[in-house]
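Chains as they are written, first to last, in the working numbering: chain A, 1 to 508; chain B, 509 to 802; chain C, 803 to 1141; chain D, 1142 to 1480.
Take the hints with a grain of salt, since some may be wrong.
Claimed, not checked - What the simulated footprint calls covered on chain C by chain B, stretch by stretch (three residues with Cβ under 8 Å from a Cβ of chain B suffice, anywhere in the stretch; the number is not a length):
id: 1; region: 864-878
id: 2; region: 1054-1062
id: 3; region: 1097-1111
Claimed, not checked - Cross-link-like lysine to any residue pairs, in silico, SDA-like; alpha carbons within 25 Å at most:
id: 4; chain 1: A; residue 1: Lys274; chain 2: C; residue 2: Trp925
id: 5; chain 1: C; residue 1: Lys935; chain 2: A; residue 2: Glu310
id: 6; chain 1: C; residue 1: Lys935; chain 2: D; residue 2: Leu1322
id: 7; chain 1: B; residue 1: Lys594; chain 2: D; residue 2: Asp1367
id: 8; chain 1: D; residue 1: Lys1274; chain 2: C; residue 2: Leu1128
id: 9; chain 1: B; residue 1: Lys594; chain 2: D; residue 2: Lys1365
id: 10; chain 1: C; residue 1: Lys1026; chain 2: A; residue 2: Gly354
id: 11; chain 1: B; residue 1: Lys595; chain 2: D; residue 2: Asp1367
id: 12; chain 1: D; residue 1: Lys1365; chain 2: A; residue 2: Ala161
id: 13; chain 1: B; residue 1: Lys594; chain 2: D; residue 2: Leu1459
id: 14; chain 1: A; residue 1: Lys366; chain 2: A; residue 2: Gly314
id: 15; chain 1: A; residue 1: Lys274; chain 2: C; residue 2: Leu1128
id: 16; chain 1: A; residue 1: Lys366; chain 2: C; residue 2: Leu1128
id: 17; chain 1: D; residue 1: Lys1274; chain 2: C; residue 2: Leu833
id: 18; chain 1: C; residue 1: Lys1080; chain 2: A; residue 2: Arg401
id: 19; chain 1: C; residue 1: Lys1026; chain 2: A; residue 2: Arg370
id: 20; chain 1: D; residue 1: Lys1274; chain 2: C; residue 2: Asn965
id: 21; chain 1: D; residue 1: Lys1419; chain 2: A; residue 2: Glu331
id: 22; chain 1: C; residue 1: Lys933; chain 2: A; residue 2: Glu331
id: 23; chain 1: B; residue 1: Lys594; chain 2: D; residue 2: Leu1452
id: 24; chain 1: B; residue 1: Lys513; chain 2: D; residue 2: Leu1452
id: 25; chain 1: D; residue 1: Lys1365; chain 2: A; residue 2: Lys366
id: 26; chain 1: B; residue 1: Lys717; chain 2: C; residue 2: Asn965
id: 27; chain 1: B; residue 1: Lys513; chain 2: D; residue 2: Ile1189
id: 28; chain 1: D; residue 1: Lys1272; chain 2: C; residue 2: Leu1127
id: 29; chain 1: C; residue 1: Lys1026; chain 2: A; residue 2: Pro365
id: 30; chain 1: C; residue 1: Lys933; chain 2: A; residue 2: Ala324
id: 31; chain 1: A; residue 1: Lys285; chain 2: A; residue 2: Ala335
id: 32; chain 1: B; residue 1: Lys594; chain 2: D; residue 2: Ser1318
id: 33; chain 1: D; residue 1: Lys1274; chain 2: C; residue 2: Tyr1083
id: 34; chain 1: B; residue 1: Lys739; chain 2: B; residue 2: Gly720
id: 35; chain 1: D; residue 1: Lys1419; chain 2: C; residue 2: Trp925
id: 36; chain 1: B; residue 1: Lys595; chain 2: D; residue 2: Pro1313
id: 37; chain 1: B; residue 1: Lys511; chain 2: B; residue 2: Pro555
id: 38; chain 1: A; residue 1: Lys366; chain 2: C; residue 2: Tyr824
id: 39; chain 1: C; residue 1: Lys1026; chain 2: A; residue 2: Glu331
id: 40; chain 1: B; residue 1: Lys595; chain 2: D; residue 2: Ile1238
The set of hints was computed from the structure by calculation and includes no laboratory data.
Note that the Cβ used here is the ideal one computed from N, Cα and C, for glycine as well.
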Amino acid sequence: MQETISNDVSVLAAERVSKSFGNVPVLFSVSFDICAGEVHALIGENGAGKSTLMKILSGFLETTSGAIRLDGQEISLPPDGQAEALGIVLIHQELNLAEQMTVAENIYLGRELTQHGFINSSEMARRASAMFAEFGLDISPSARISDLSIAQKQMVEIVKAISRNARVLIMDEPTAVLTEAETELFFKQVRKLKAGGTAIVFVSHKLHEVKEIADRVTILRDGQWITTKSVEEFTLDSMAQMMVGRELSDFYPPMNEADVDAEIVLETRNLNTKNLKDISFRLRKGEVLGFAGLIGSGRTELFEAICSLEERQGGAVQVSGKQADFRSPAEARDAGIVYLTKDRKAKGLLMEQGMRPNMTLFALPKFTRRFMLDRAAEQTALERGIRRFDIRARNPNCRTRELSGGNQQKLLLAKIMEAEPRIVIIDEPTRGIDVGTKQQIYHFIAALAAEGMSVVVISSEMPEIIGICHRVLVMRSGRITGELTGDAINENEIVRFAAGLKEERAHG
Amino acid sequence: QEKIKIGVSYPTPTHAWAAGMNWHAEKAEERLEALYPDVDLILVNSPDPGAQASALEDLVSVHQIDALVVLPFESEPLTDPVLNVKKSGALITVVDRGLSQPGIEDIYVAGNNPELGRVSAVYMKSRLKDGDNIVVLRGIPTLIDNERFDAFMAEIEGSGINVLDHKHANWNRDDGFEVMQDFLSRFPDIDAVWAQDDDIAIGVVAALKQAGRDGNGMFVVGGAGMKETIKSIMDGDELVPVDVLYPPAMIATAMDVTVAAFKSNGPVAGRYILGATLITPENAASFYFPDSPF
Amino acid sequence: MADIMTNQVTGARTTTMDFKTYGPAVALLLLCVIGFMLNPAFLSEGNITNLLTRSAFIGIIAVGATFVITAGGIDLSVGSMAAVIAGVMIIVMNNSIDTFGTGATTVLIGCGFSILLGLGAGWINGMLTTKGKIEAFIVTLGTMGIFRSLVTYFADGGTLSLNHDVRGTYRPVYYDSILGLPFPVWVFIAVSVAGWILLNRTTFGRYCTAIGSNEAVAKYSAIKVDRIKTWTYVLQGLCVAMATIIYVPRLGSASSSTGVLWELEAIAAVIIGGTVLKGGYGRIGGTIIGALILTTIGNILNFTDVISNYLNGTMQGLIIIVAVLLQRSDWSRRASPKN
Amino acid sequence: MADIMTNQVTGARTTTMDFKTYGPAVALLLLCVIGFMLNPAFLSEGNITNLLTRSAFIGIIAVGATFVITAGGIDLSVGSMAAVIAGVMIIVMNNSIDTFGTGATTVLIGCGFSILLGLGAGWINGMLTTKGKIEAFIVTLGTMGIFRSLVTYFADGGTLSLNHDVRGTYRPVYYDSILGLPFPVWVFIAVSVAGWILLNRTTFGRYCTAIGSNEAVAKYSAIKVDRIKTWTYVLQGLCVAMATIIYVPRLGSASSSTGVLWELEAIAAVIIGGTVLKGGYGRIGGTIIGALILTTIGNILNFTDVISNYLNGTMQGLIIIVAVLLQRSDWSRRASPKN
Ligand SMILES: Nc1ncnc2c1ncn2[C@@H]1O[C@H](COP(=O)(O)OP(=O)(O)OP(=O)(O)O)[C@@H](O)[C@H]1O
Ligand SMILES: Nc1ncnc2c1ncn2[C@@H]1O[C@H](COP(=O)(O)OP(=O)(O)OP(=O)(O)O)[C@@H](O)[C@H]1O
Ligand SMILES: [Mg+2]
Ligand SMILES: [Mg+2]
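Just chain A, with the same shape it has in the complex (with noise of 0.2 Å):
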């Protein structure tokens, strides 16, 4: 059955490997292989075990049965990224950076180049330098990494694992956060890699990506080794149909007509931060409005500014009308406005507690009686949250850590909703979430709509965007540079506006 893998061109190979995390099997005698010179895909649904056969293959995690071979030997690979030296090299699915430490220190981390037994950091920086320059990205190879945008951070991620130079490079979702500019930029690196001859293993939800650059594709369906193929013999259709198991029709929903006449629940005027100037937009009920641009166009600024989660430097804010300057994010809540973060590693869950207490934790003033906690309204909204946003947990009572990247996404959307906001925010509502999630979560959005609430999409995510936006804003270098609306949303525009090839004054 696993006439794909031939062993004699294969650098690195899984198989018949099982995982189980205590008594809890993830991974079903999956057999997987990487060749030089190729891409190879791996899709599947949240939580279907990419990630997990991932750190398997790159010494991360140890099978709990079968075989890692590497150029054909069996080998037991080294802990903690210690493959390193044997040259496999993954990018974890969250980000790994030292915050505190910069770009370049972050690059070099634990193979610093030295001089006389002292640090270069010059030539480190240069280095860095270079390495940007060649992708066309503008990073500063002193930045901390604090300072730096998430998809810069990724944009960092990349280039430090591109840098190591290895013979296997895992890349485990590296475009979740990505728009598709810089998704652009990366490929072209990638392409550069394969043309060198390394092997190359991509993890993507954004299938049209695995379509456009990879060679061959694996998918995987609740542990299990369902499939592997040449790409071409894939659609995007099929694709998405053998990752889910069912047919994926009406993937975007039906957009009912938007209310150009109804009551603006959301405005503001010339609203400045530091990295924004004059913003006004205005946000009707009923509305889906879409907020495209580049990385650190300042989309994650605005919205951060409007819920008081950063400083405002003037400028109007009106929610229905009233003015609404924030004092805190829980006045923001209150009166119905709520803001989903994209981070949700650093910004958005509890790593280290269960899922109850995160599920809750935004809207946990609701949660209380008699001022105690109610718990048993806890686990009802917990077992809501699971049952609405398709949260798959093996174990309930499992941390959120050990939950699949997509399903912390999930919760992280669920514990957002539970406040029952009038006017939600969503940064990325579907990163790193599996095509089946992805259409409910749609149609979620569409449903919220229609039951008269307003949605804020920010999205890197083109088809996203055009699919379920009534209207689209795009913004450049803090500022809102164009709007689309209706039929007039397309990617042509939308790119067009976001690089700065067209500029029209916003009238929100």
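Got chain A; can you put chains B, C and D with the ligands on it based on the hints?
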């Protein structure tokens, strides 16, 4: 006109006895400066031996003192720093704790630690008989504590009085209370307590009263001469019938003598050892200073 | 299948948690056995009562410290705070006698002052930490010095003593028993129960844990981080005030040596009890056992003369380390990565 | 576009960093001005020399503490460690006299022992923390008690004194000057420079920062986390040993009160200097200024009798808090999320 500058250095008061000393030092400063306008007394206190060594350096380098009155935190570590002060030409008066090297000080004023232990033991022997049991609560582990304790044990030796155990109560009321509580739980038969210090004694008395074991001729001997203790001796308290003097006012004596070295026409250099008097209801009144914090 | 799995996992989880939970209790039990073997009087009713009463001070303070530490802070000033509160209480009561006599009114005024001072001192620590954005370690190291020197100043370096008659009125608060348990023990129990409920059953406790686990997540979860953190210090102040209220009638005095090192004892009790110093996980029950362990060590050392007096500190240090080693299990591995 | 953004970020950063960097220096300068105004003799050569020499002890220890703290640990045992090392050194030297006389050999043997003991004590702290997986706070609180009681035991509760003749040989190490600077100051300078290089220019320093910043990331970068952490404690032990080597000839003795509270002073120096207590950011230069600030405060308070002696602690506390307030900038906000 050039003033006569006298530095006075002693440990930061952390217990009542030292506070009493501080009070007497401040009173003496007031009195002497009023009496002699050309005398400037500079009082500094330090929380540990290192800090006191530093303070001595500062007295020389900044204040350029003509004389030093010093109650050393500990003898050994301060011997050299005091020697350095002496080398600057200042007159040296050492109080209470002698330096480890003889001949540095011009004047020495001190209480008598071994004598305190001995006098306490003599009193114990006068009240107890062969086979009676006592417990001992000691101070902070230091030379002073050792001197008092060793002299006490030497005097008790051969009397037939059993010292059941001795623990450090650190010249502290709380520790005295807790150690005594534990002694009381541990030993069903205790006839008397040597608490060595009036602060410890207060804790011991509280523990005895709590356990209801303050009768049957039980008594506690403290030491130093705290005003409350002396008051209760005057009032005829059975539980704390006597006290052994170790006067905090010795610092004032030392300051007087030091000033006298500049002002008097008689010779003042020499050793002034104050006795470890047994304070009893009869003589208590003459050791009672109601205004002192101690 | 998933069902069975889940149960199995829950089982596994429970065992590790249990060891964690019972670790300190096992250590305490062991200590008691040792104590009994050294001297059977260790388990006498009188000694057990003494032990519990003594633990009350540190225990009550440590309950407050559990909140501060769970929320990722630290308070080094509690010992000095207790001293200065005790000092001011005594001064206030002594000065109230002329107006209010030596009865309960005066004592109540003293207690009221104590509570106010505790809240105020805690509030200052909290505001300096949150609004002043200074690290808690430095803030409370500073206030520790300040409080300590203030009580020395008030006492003129010596001892502040409560008027004899007021002490008579106040005395029962330390020395009297209700249903066989001394009053301080009841207060300890009450504070512990209240602390447990507050930490485990209210939003405040949940927020403390969240802030200690990840301040940014807490902020994005609409938690008023600064306010909650300040409250933990205020709560700590309140606990110190309560401990002081039952401390003062014991000897009726306060001096600059009152409460020295209580901060380290309180923090040690909290950590021995299983609370994580970096925050994010707190256990009131553990804290209480931790406080009992510390007092028991001291008590046992007074019960034997096998060990040189000078080596008491060595025994204490060893026992603390071993007690924590006993319950280390794989927790620290789990807790060590900061994210 | 991205260009503008990045530059803005970098620009903003530099200003904050500068304030951060110069904050402690500004505080020190202010203190010196105050000292001079109180008494011009403050700036006399004699006083400056005294001040620098005194800072050397705490300064050298604090350089070690900078590594421990940068790597996310803490060491509360340094003061007691200094005491016990001093004690053993003295015992060893006194016992060597019979064989080696009172000359330099004996002193060198003493110093060698000091270094060995420092390394050993540090190694124990490190192993208990990393292999024993006990929180550093508890480990070093335990060893603090152990070391302190050991020195009391060795000294039989009293003071251990160095033989008079050996002291004569050893004395210059504290009291002599080279090129106008006392020997301890030279040692301080050497340790500081070595520490600066180690922290900022070697992989060891880089790894300390990485571990303190995020242990999981460090581990995944194939850094031997436990080993590096252990080394920070060993380094701390070495620094304590060196401080002790220049401390012993000063007073020629050791007792149970040697080095009391040095741990808090060292940690305070480190944090006043701008190192982050939670780890991940360390500054040797700042630490040195922090040590100077602390000594200067004590020095200034010895210079004036305007303030009641009892209030010294209050002044110290206030000055420490204000010094840190001066440099708080927005750093703590940035550093606080543990991410
Ligand atoms: N450390 C762990 N302990 C226990 N269970 C774990 C652990 N890590 C992962 N799991 C479980 O293993 C299963 C597979 O997780 P994995 O992260 O491999 O999924 P994934 O395919 O990467 O999903 P996603 O697309 O959401 O990232 C999940 O059910 C997850 O809860
Ligand atoms: N706290 C901060 N300090 C300094 N600069 C910041 C801070 N937060 C954000 N920035 C910078 O401000 C710019 C705007 O970032 P923002 O996250 O709002 O953009 P975005 O449109 O959401 O894009 P992205 O997809 O990168 O998140 C970025 O360049 C970012 O580096
Ligand atoms: Mg994954
Ligand atoms: Mg952003």
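Practice item. Assess, step by step, whether the Cα of Lys1274/D is no farther than 25 Å from the Cα of Asn965/C, and give holds or violated. Key: 51 Å, violated
Review point. Would the pair Lys1274/D and Leu833/C pass a check requiring their Cα atoms to be no farther apart than 25 Å?
Key: 22 Å, holds
Exercise for review: Assess, step by step, whether the Cα of Lys594/B is no farther than 25 Å from the Cα of Leu1459/D, and give holds or violated.
Suggested key: 35 Å, violated
Exercise for review: Verify the proposed pairing of Lys1272/D with Leu1127/C, using a straight-line Cα cut of 25 Å.
Suggested key: With a Cα-Cα distance of about 10 Å, the restraint between Lys1272/D and Leu1127/C holds, given a limit of 25 Å.
**Study point:** Given pair status - Leu1128/C, Lys274/A, alpha carbons within 25 Å
**Key:** 52 Å, violated
**Study point:** Pair hint Lys935/C and Leu1322/D, alpha-carbon separation not exceeding 25 Å
**Key:** 38 Å, violated
Review point. CA of Lys513/B to CA of Ile1189/D, is that 25 Å or under?
Key: Holds, because 22 Å separates the two Cα atoms, which is no more than 25 Å.
Point to revise | Proposed proximity, Glu331/A with Lys933/C (alpha carbon, max 25 Å) | key: 20 Å, holds
Exercise for review: Assess, step by step, whether the Cα of Lys366/A is no farther than 25 Å from the Cα of Leu1128/C, and give holds or violated.
Suggested key: 40 Å, violated
Check your understanding: Are the Cα positions of Lys933/C and Ala324/A separated by 25 Å at most?
Key -> 24 Å, holds
Review point. Quick one, are Lys1274/D and Tyr1083/C close enough, alpha carbons at most 25 Å?
Key: Roughly 17 Å separates the two Cα atoms, so the pair holds.
Practice item. Given the hint that Lys1026/C pairs with Glu331/A, test it: the Cα-Cα distance must not exceed 25 Å. Key: Since the Cα atoms of Lys1026/C and Glu331/A sit roughly 10 Å apart, the hinted pair holds (cutoff 25 Å).
This entry does not satisfy hints 1, 4, 6, 7, 9, 11, 13, 14, 15, 16, 20, 21, 23, 25, 37, 38, 40, going by the numbered hints stated previously.
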